[in-house]
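Sequence order for the protein chains is B and D.
For the first sequence, counting from 1, position 214 maps to 213 in numbering that gives the first Met the number 0; every step adds exactly one.
For the second sequence, counting from 1, position 330 maps to 329 in numbering that gives the first Met the number 0; every step adds exactly one.
The hints are simulated quantities; they were obtained by calculation from the structure and are not laboratory data.
In this text, all values refer to a predicted model and were calculated from it rather than measured experimentally.
Glycine included, C-beta positions come from ideal geometry on N, C-alpha and C.
Check each hint, because a few of them may be wrong.
[Stated by the list, open to error] In silico contact screen, one side only, chain D against chain B (beta carbon under 8 Å); selected entries:
#1 Y238
#2 N240
#3 R243
#4 V244
#5 I256
[Said to hold, decoys possible] With a straight-line cut-off of 20 Å between C-alpha atoms, the simulated DMTMM-like cross-links for lysine to aspartate or glutamate are:
#6 D:K251 - B:E241
#7 B:K276 - B:E241
#8 D:K251 - B:E129
#9 B:K25 - B:D45
#10 D:K126 - D:E249
#11 D:K304 - D:D130
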Amino acid sequence: MSSSDMSQTNLDHQTEVKSSTKPIVKVEQVGQTFKTRQGNFVALRDIALDIYPGEVVTLIGHSGCGKSTLLNLIAGLTLPTSGVLLCDNREIAGPGPERAVVFQNHSLLPWMTCFGNVMLAVERVFGRKERKSKLDARVHAALDMVHMAHAAEKYPHEISGGMKQRVGIARAFAMEPRILLMDEPFGALDALTRASLQDELNSVLAKTGATAVMVTHDVDEAVLLSDRIVMMTNGPAATIGEIVTVDLPRPRDRVELANDSRFAEYRATVFEFLYRKQLKKVA
Amino acid sequence: MSAVIVFKNAGVGMAPAPETLAESPLSAQAEVSTEVSTEVTTVVSAVAEDAAVKESQTSTDAKSTASQPQGSGKRWWTNIGRRVYVMLGNLVPPLLGLCIMVGLWAFVALNNDSIPGPIATWEAATKLFADPFYSNGPNDQGIGWNVLSSLQRVGVGFGFAALVGIPMGFILGRFTFVNRMFEPVISLLRPVSPLAWLPIGLLVFKRADPAATWTIFICSIWPMILNTAQGVQRVPQDYLNVARVLGLSEDKIITRILFPAVLPYMLTGIRLSIGTAWLVIVAAEMLTGGVGIGFWVWDEWNNLKVEHILIAIFVIGIVGFLLEQFLLLLARRFSYESR
Ligand SMILES: Nc1ncnc2c1ncn2[C@@H]1O[C@H](COP(=O)(O)OP(=O)(O)O)[C@@H](O)[C@H]1O
Ligand SMILES: [Mg+2]
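Please model the entire structure based on the sequences and the hints provided.
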């Protein structure tokens, strides 16, 4: 689906997608309990969520409510203690190359260049089928997409935090995943860098039509990027509180949106949820 | 350092008001004569550069870079001057320390007839080092040969220790069960002086030379195992998560993630091993005889050539120091954090 027909009939599009296509990821009555020294800790309960192809879903909630826990479940890094998660109708039993992850702290391997880091992922997914020159081309294309082609031979410690995060995103996209999972990908960046990376992510998502689930605690980021915002209640035993569908035309321009009343409304809805309904009791 | 942080915040947070960034380098440059203000200049322009690299699209940063590249020639000179000054400052204390040591030695030698002074030792050393590689049969060889055969024993014993210890360390680090199984054994054997193992070596190998190598093996193996195991245990979970989400095969995990992550720890283990090995070899050779610096010391003691013993002490010290420096250099080359 191109971004242009999304912008024309965005409302129809959303409902149409839901009725006609099958979800990529189904989360069915999932609960997660951690065994700790103080006994069992119920982090998540009764999570039910369907994610459709081409959708950008953000998970928002107060710190410690279980956003990362849910994302890790979808990634397959942890397994649920109750319920089941499906990806393409198959149970998620572990990580898989169709679900790429962008970590908050970029997690580039410091002993490899940016090229090497992306190549590690490319090799794993395409190494058996394709020749070396094709793999190289894939790596360069991925770095180019996030405007990091110039830093291919640099080591992670030689580039800035924002650039590292770009390379992390390139690594994830280079795997051509069915779904992109991101855990507060821009959380550690300063405001300006974050804004430019958000715009870049928006355009890359539009270009590739990728499905994405992103954890954030930034309300503007959530409204700017998402098709749906999943708002989670406070832990322990957190679950999905409300889901907002964001019917803003794409491509979205942050400057235009700043004066858009609908943008303000969505923002207000999320703020209302976070700071009225789920106000975190600070000890 | 606090100045850096203050300016950095001003640069990034107050970006809508470009005057803050654009003005400060100029005003600081006006009084370039004092140390402090040159420091500020570098800091501010570094921040400006930094911001420009990060966000070259925004026009505010473009303005701030425009005001930066003036008077950089002058800064270049002061930098060289400062560096020479720092180098001299670094050199003076160690030289002074060495002078005091030689002075004390000369003082002791003056008051004690049996100990030769620095000058006598120096003369003996020039004679000795005129021909370090002569060989008159197995019991009379140049000091060069003695040092080399000691180094060879250390190398061989250490090599075997690495061959056994590094894989052991990986296994211990990766499997908690094996780790806990070996923990009491290692705790029991590690404090034992390697020389206590010498008779066992003589018994098993029937010859002095492999027995000395055997003691080196024993003393080298513990740091190798323990440091490697620690390195494996400390591989950041982030890197292992990357391996998991990428679905890397076990051999890729070992070669691309575990090995590079553990390498700095392994190199620390190697450095400690070789350090102790060099300590132990002298003692072992005194007991086993043959060719080697330890044996040579003992031989010179029997010949009552005390100045040669003093020379040997220096040689042993210098070789040990060079080994350590070489391994530190190696570690620095391969440690990804400091690169
Ligand atoms: N492995 C674990 N063991 C025990 N408790 C955990 C574990 N992982 C997360 N938790 C707890 O679960 C809750 C949710 O954590 P997390 O998903 O990281 O929150 P966030 O929404 O900030 O990402 C927190 O209270 C955290 O302490
Ligand atoms: Mg989190």
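Status of each hint after checking the structure:
1. Y238: holds, 6 Å
2. N240: holds, 6 Å
3. R243: holds, 5 Å
4. V244: Where the cut-off is 8 Å and the nearest Cβ of chain B is about 4 Å from V244 (chain D), the hint holds.
5. I256: Hint on I256 (chain D): holds, closest Cβ of chain B at ~7 Å, below 8 Å.
6. D:K251 - B:E241: Outside the cut-off at roughly 43 Å; violated.
7. B:K276 - B:E241: Between K276 (chain B) and E241 (chain B) the Cα gap is close to 11 Å, so the pair holds against 20 Å.
8. D:K251 - B:E129: holds, 18 Å
9. B:K25 - B:D45: Holds, because 13 Å separates the two Cα atoms, which is no more than 20 Å.
10. D:K126 - D:E249: violated, 59 Å
11. D:K304 - D:D130: holds, 17 Å
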